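As you go down the protein sequences, you meet chains A and B in turn.
So in the working numbering, the last one in the first sequence is 340, and the numbering has no gaps at all.
So in the working numbering, the last one in the second sequence is 604, and the numbering has no gaps at all.
Hints were generated in silico from the structure; no laboratory data involved.
Mixed in with the good hints, there may be bad ones.
What the hints assert, rightly or not - Straight-line C-alpha distance at most 30 Å; calculated DSS-like pairs for lysine-lysine:
#	chain 1	residue 1	chain 2	residue 2
1	B	Lys434	B	Lys415
2	B	Lys416	B	Lys434
3	A	Lys285	B	Lys376
4	B	Lys458	B	Lys372
5	A	Lys238	A	Lys49
6	B	Lys458	A	Lys313
7	A	Lys323	A	Lys151
8	A	Lys152	A	Lys313
9	A	Lys285	A	Lys152
10	A	Lys230	B	Lys390
11	B	Lys401	B	Lys372
12	B	Lys458	A	Lys49
From a predicted model like this one, the values you see are computed outputs, not experimental measurements.
These are the residues of each chain, in order.
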Amino acid sequence: MGNVPCAVKHCLSYQQLLREHLWIGDSVAGALEPAQESAQVSGFPEYVKIVEVGPRDGLQNEKVIVPTDIKIEFINQLSQTGLSVIEVTSFVSSRWIPQMADHTEVMKGIHQYPGIRYPVLTPNLQGFHRAVAAGATEVSVFGAASESFSKKNINCSIEESMKKFEEVVKSARHMNIPARGYVSCALGCPYEGNITLQKVTEVSKRLYGMGCYEISLGDTIGVGTPGSMKKMLESVMKEIPPRALAVHCHDTYGQALANILTALQMGINVVDSAVSGLGGCPYAKGASGNVATEDLIYMLNGLGVNTGVNLYKVMEAGDFICKAVNKTTNSKVAQASFNA
Amino acid sequence: MLSEAGLPVVEATSFVSPKWVPQMADHAEVLKGIQKFPGVNYPVLTPNFKGFQAAVAAGAKEVAIFGAASELFTKKNINCSIDESLQRFDEILKAARAAGISVRGYVSCVLGCPYEGKISPAKVAEVTKKLYSMGCYEISLGDTIGVGTPGAMKDMLSAVLQEVPVTALAVHCHDTYGQALANTLTALQMGVSVMDSSVAGLGGCPYAQGASGNLATEDLVYMLAGLGIHTGVNLQKLLEAGAFICQALNRRTNSKVAQATCKL
Chain A
1 MGNVPCAVKH CLSYQQLLRE HLWIGDSVAG ALEPAQESAQ VSGFPEYVKI
51 VEVGPRDGLQ NEKVIVPTDI KIEFINQLSQ TGLSVIEVTS FVSSRWIPQM
101 ADHTEVMKGI HQYPGIRYPV LTPNLQGFHR AVAAGATEVS VFGAASESFS
151 KKNINCSIEE SMKKFEEVVK SARHMNIPAR GYVSCALGCP YEGNITLQKV
201 TEVSKRLYGM GCYEISLGDT IGVGTPGSMK KMLESVMKEI PPRALAVHCH
251 DTYGQALANI LTALQMGINV VDSAVSGLGG CPYAKGASGN VATEDLIYML
301 NGLGVNTGVN LYKVMEAGDF ICKAVNKTTN SKVAQASFNA
Chain B
341 MLSEAGLPVV EATSFVSPKW VPQMADHAEV LKGIQKFPGV NYPVLTPNFK
391 GFQAAVAAGA KEVAIFGAAS ELFTKKNINC SIDESLQRFD EILKAARAAG
441 ISVRGYVSCV LGCPYEGKIS PAKVAEVTKK LYSMGCYEIS LGDTIGVGTP
491 GAMKDMLSAV LQEVPVTALA VHCHDTYGQA LANTLTALQM GVSVMDSSVA
541 GLGGCPYAQG ASGNLATEDL VYMLAGLGIH TGVNLQKLLE AGAFICQALN
591 RRTNSKVAQA TCKL
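Next up, chain A with everything else stripped away, as it sits in the complex (with noise of 0.2 Å):
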């Protein structure tokens, strides 16, 4: 398709065209030109609220342990970007999740920038304990739709890791500290395979109903597609409203955006992302794992979604911690303009 030289890269105009589409959302540095905002796209939020997962669920799957102080730097990067949600570590026992060991020094290390919340994973009571110990202000439980997944992953039953979130919960909610329940596997399970929608649904419901202030339904293994997480969603949304529901997609199959897209036009405006895509799959080596929030991004410009995030400074933080953990980006909007 042509045979134009790479000096168009040059070239102003594709300057100009990569400076409106990657669009500054940035609201904290103040007013944008009239000219650089896109009109927004009937069907769609206003706003969306993106929670920032890379420095927890990204880095729990990578290979590469990395040092403390580079995480702390990450995260401390990751606040200057916009974002409003950094979830920073999981409160988890390293025999586990090496990669959290340091979960504690983390949490302390970390500059808590007004305005900017900073939720941890807390599987039980005892980690519950030591995350508000280490100064956390808002946790997280993560279930899941699927009795394997549940038994091979925190090694109980669905009824008994809800029995264990409520009493985090609960103590949570004593504490005034907001709750987050996760749903895994909530379009396909790597044990299971299909997923029934009334179970998706009444694990949903449950942590709810505990007092989970938000629901992030996740496609853990990617599998989904637009038409599954649909009716997912119409499920789910019979007995939970849409402002407390959030997204979790994977890009495994390289379905996130299109089943994100799906999710907003649904009413859904909470979406979870990972800066550079980071981590990989567990279950299909090789396999890509989280949606980049670059990629997220870029898609909200365009559709004239305010997100509040700079994503200039995003991609800075994804070339940070890309080069710390030695990997190329999974972001396609970062491998365009790195190089462009």
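Given the coordinates of chain A, assemble chain B onto it according to the supplied hints.
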């Protein structure tokens, strides 16, 4: 291998001068050498009348012509204006009609141009309409540099659909910024039912070094299968074709489905 995978259309080669595209220098041998499965179309690119004649001589039954919605892109690419390019294509279309050969039209830069930047949906509609009225049975709308997002796709298609029926339209999304599948889904939601893609997501982007190019056919088929949409394509055989060509090119696949499935 692609024919065996059940794909109904496989773009075989380009009858362009090897001076411009050395990779396609063996166009005649390739077209003569492939096994043509019944029911499968094998269109070839024909940038000018000379190429068209060579394609016909080599047995082509369908050809494709490449226009653009951007004056600057047309100038830089084929050294003439859009109008002049359409006049050249008209020559091909007339001869093709006389010979009973179908012609597919491509419109590049429908969601942005590496030289002009923003492209108006009205311009895309205008060029598309001209190609359609000149006799192209189908027009493939290409996001050449992959900058489009679902909103832009929607606006562009809305403008084009006012001039050309949806049954004559296709989308050709590039994944340079990871937006291809989301954009293709949007087109699907608007009634477009013909999509271009490339096995293993072959082909980088000449405008952004190191960036990816075409949407991977495996990932597209995966989404369509999940949506219960019939394509006639056997994903397993498609994956095999992708693995074959990646090995030959000594490169990693750009398809996420292939990466997840083949564990390579």
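Evaluation of the provided hints:
1. B:Lys434 x B:Lys415: 24 Å, holds
2. B:Lys416 x B:Lys434: The given pair, whose Cα atoms are some 26 Å apart, holds under the 30 Å limit.
3. A:Lys285 x B:Lys376: Cα-Cα ~37 Å, so violated.
4. B:Lys458 x B:Lys372: 41 Å, violated
5. A:Lys238 x A:Lys49: 22 Å, holds
6. B:Lys458 x A:Lys313: Within the cut-off at roughly 24 Å; holds.
7. A:Lys323 x A:Lys151: 35 Å, violated
8. A:Lys152 x A:Lys313: With a Cα-Cα distance of about 38 Å, the restraint between Lys152 of chain A and Lys313 of chain A is violated, given a limit of 30 Å.
9. A:Lys285 x A:Lys152: 18 Å, holds
10. A:Lys230 x B:Lys390: 50 Å, violated
11. B:Lys401 x B:Lys372: Given that 30 Å is the threshold and the Cα spacing comes to 12 Å, the pair holds.
12. B:Lys458 x A:Lys49: 28 Å, holds
In summary, the structure is inconsistent with hints 3, 4, 7, 8, 10 from the numbered list given earlier, while agreeing with the others.
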